[in-house]
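Student: Using the sequences plus the hints, can you model the full thing?
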Amino acid sequence: FIEAPEFIQTPTAERIFNALEMARFATTIVPIYGASGVGKTKACQEFKKQNQNVWMITISPSRASLNAFLYELALELGFKDAPRRKDRLSRMIVEKLTGTRGIVIVDESAHLTYDAIEELRYIQEKAEVGFALIGNDRVYTRMQGGINPAHEHARLWNRLGNRCAIKASEKEDIQSVAAAWQLDTKDKELMKALYDIGTKAGGLRALTQYLRLAGIAAKGQGVAINLDLILQAKMHMQGAI
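When we follow UniProt numbering, the leftmost residue of the sequence shown carries the number 1, and every step to the right adds one.
Treat the hints with care, as some may be off.
Said to hold, decoys possible - Computed cross-link-like contacts, DSSO-like style, restricted to lysine-lysine with a CA-CA straight-line distance of at most 27 Å: (1) 80 to 42; (2) 126 to 86; (3) 48 to 126; (4) 234 to 192; (5) 49 to 188; (6) 49 to 126; (7) 96 to 48; (8) 219 to 192; (9) 167 to 192; (10) 200 to 186; (11) 126 to 188; (12) 171 to 186; (13) 167 to 42; (14) 188 to 86; (15) 96 to 42; (16) 42 to 86; (17) 192 to 171; (18) 188 to 171; (19) 42 to 219; (20) 96 to 126; (21) 48 to 188; (22) 167 to 126; (23) 200 to 167; (24) 188 to 200; (25) 42 to 234; (26) 126 to 186; (27) 167 to 188; (28) 188 to 219; (29) 171 to 80; (30) 42 to 192; (31) 96 to 80; (32) 80 to 126; (33) 200 to 171; (34) 80 to 49; (35) 219 to 167; (36) 48 to 234; (37) 126 to 192; (38) 234 to 200; (39) 219 to 234; (40) 86 to 96.
Bear in mind the hints are in silico, worked out from the structure with no lab data behind them.
Tutor: Given below as structure tokens:
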């Protein structure tokens, strides 16, 4: 029985790692954006696990305001009794980050309000750390208007490092996943089916779910994971059976 891999170092994950390293060492802000289900969040979580002075928060509609953003970041930085006042929070965060040469990863950052983004810019500048803004295409689209000096995000645009756009999973990503699950990557029929699943929007996430379910079925039957089990898992997840 093949245990589900905790993390798979795909080429896309390598690109994300490189972008995060660049943001940290160049002390800049890097947008990492694109399609959902391609492994952006997983790669960031693994980067945090492997490195020191990496902090990661996830934004949601209820945590998008300036105060909520600062409070979430303060908690991530280890402040147990973080104050609710924005000015005190900001000062504490800057003091904590200064000198760390670290990076703050902000997942689902498209939810952030304008005020929160402005404060993020201020913190990044004062503390001289890297920031990574993770999310869908809207993350970059909002910032891209900064090429117009009159645009509300113009000051942030000037601090952006090289963007990392991920439109879809590549075939090489699917090959890495197949190898991690100990599938026969030379089986053309199998790989074609995996490519068809994995290179669609959200495909890598879907493929991982199918493989997990196929793995459970394979264990129950005492066989290796095969194409039939993967396709059955796909049909089951899609409600076709």
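Student: Decide, hint by hint, whether the structure agrees.
Tutor: Okay, the hints, checked on the actual structure:
{"no.": "1", "hint": "80 to 42", "result": "holds (26 Å)"}
{"no.": "2", "hint": "126 to 86", "result": "holds (16 Å)"}
{"no.": "3", "hint": "48 to 126", "result": "holds (22 Å)"}
{"no.": "4", "hint": "234 to 192", "result": "holds (15 Å)"}
{"no.": "5", "hint": "49 to 188", "result": "violated (35 Å)"}
{"no.": "6", "hint": "49 to 126", "result": "holds (26 Å)"}
{"no.": "7", "hint": "96 to 48", "result": "holds (17 Å)"}
{"no.": "8", "hint": "219 to 192", "result": "holds (24 Å)"}
{"no.": "9", "hint": "167 to 192", "result": "holds (20 Å)"}
{"no.": "10", "hint": "200 to 186", "result": "holds (21 Å)"}
{"no.": "11", "hint": "126 to 188", "result": "violated (53 Å)"}
{"no.": "12", "hint": "171 to 186", "result": "holds (13 Å)"}
{"no.": "13", "hint": "167 to 42", "result": "holds (16 Å)"}
{"no.": "14", "hint": "188 to 86", "result": "violated (57 Å)"}
{"no.": "15", "hint": "96 to 42", "result": "holds (26 Å)"}
{"no.": "16", "hint": "42 to 86", "result": "violated (30 Å)"}
{"no.": "17", "hint": "192 to 171", "result": "holds (10 Å)"}
{"no.": "18", "hint": "188 to 171", "result": "holds (13 Å)"}
{"no.": "19", "hint": "42 to 219", "result": "holds (26 Å)"}
{"no.": "20", "hint": "96 to 126", "result": "holds (11 Å)"}
{"no.": "21", "hint": "48 to 188", "result": "violated (36 Å)"}
{"no.": "22", "hint": "167 to 126", "result": "violated (33 Å)"}
{"no.": "23", "hint": "200 to 167", "result": "holds (10 Å)"}
{"no.": "24", "hint": "188 to 200", "result": "holds (18 Å)"}
{"no.": "25", "hint": "42 to 234", "result": "holds (22 Å)"}
{"no.": "26", "hint": "126 to 186", "result": "violated (52 Å)"}
{"no.": "27", "hint": "167 to 188", "result": "holds (25 Å)"}
{"no.": "28", "hint": "188 to 219", "result": "holds (24 Å)"}
{"no.": "29", "hint": "171 to 80", "result": "violated (44 Å)"}
{"no.": "30", "hint": "42 to 192", "result": "holds (25 Å)"}
{"no.": "31", "hint": "96 to 80", "result": "holds (13 Å)"}
{"no.": "32", "hint": "80 to 126", "result": "holds (23 Å)"}
{"no.": "33", "hint": "200 to 171", "result": "holds (11 Å)"}
{"no.": "34", "hint": "80 to 49", "result": "holds (21 Å)"}
{"no.": "35", "hint": "219 to 167", "result": "violated (34 Å)"}
{"no.": "36", "hint": "48 to 234", "result": "violated (31 Å)"}
{"no.": "37", "hint": "126 to 192", "result": "violated (50 Å)"}
{"no.": "38", "hint": "234 to 200", "result": "holds (14 Å)"}
{"no.": "39", "hint": "219 to 234", "result": "holds (17 Å)"}
{"no.": "40", "hint": "86 to 96", "result": "holds (15 Å)"}
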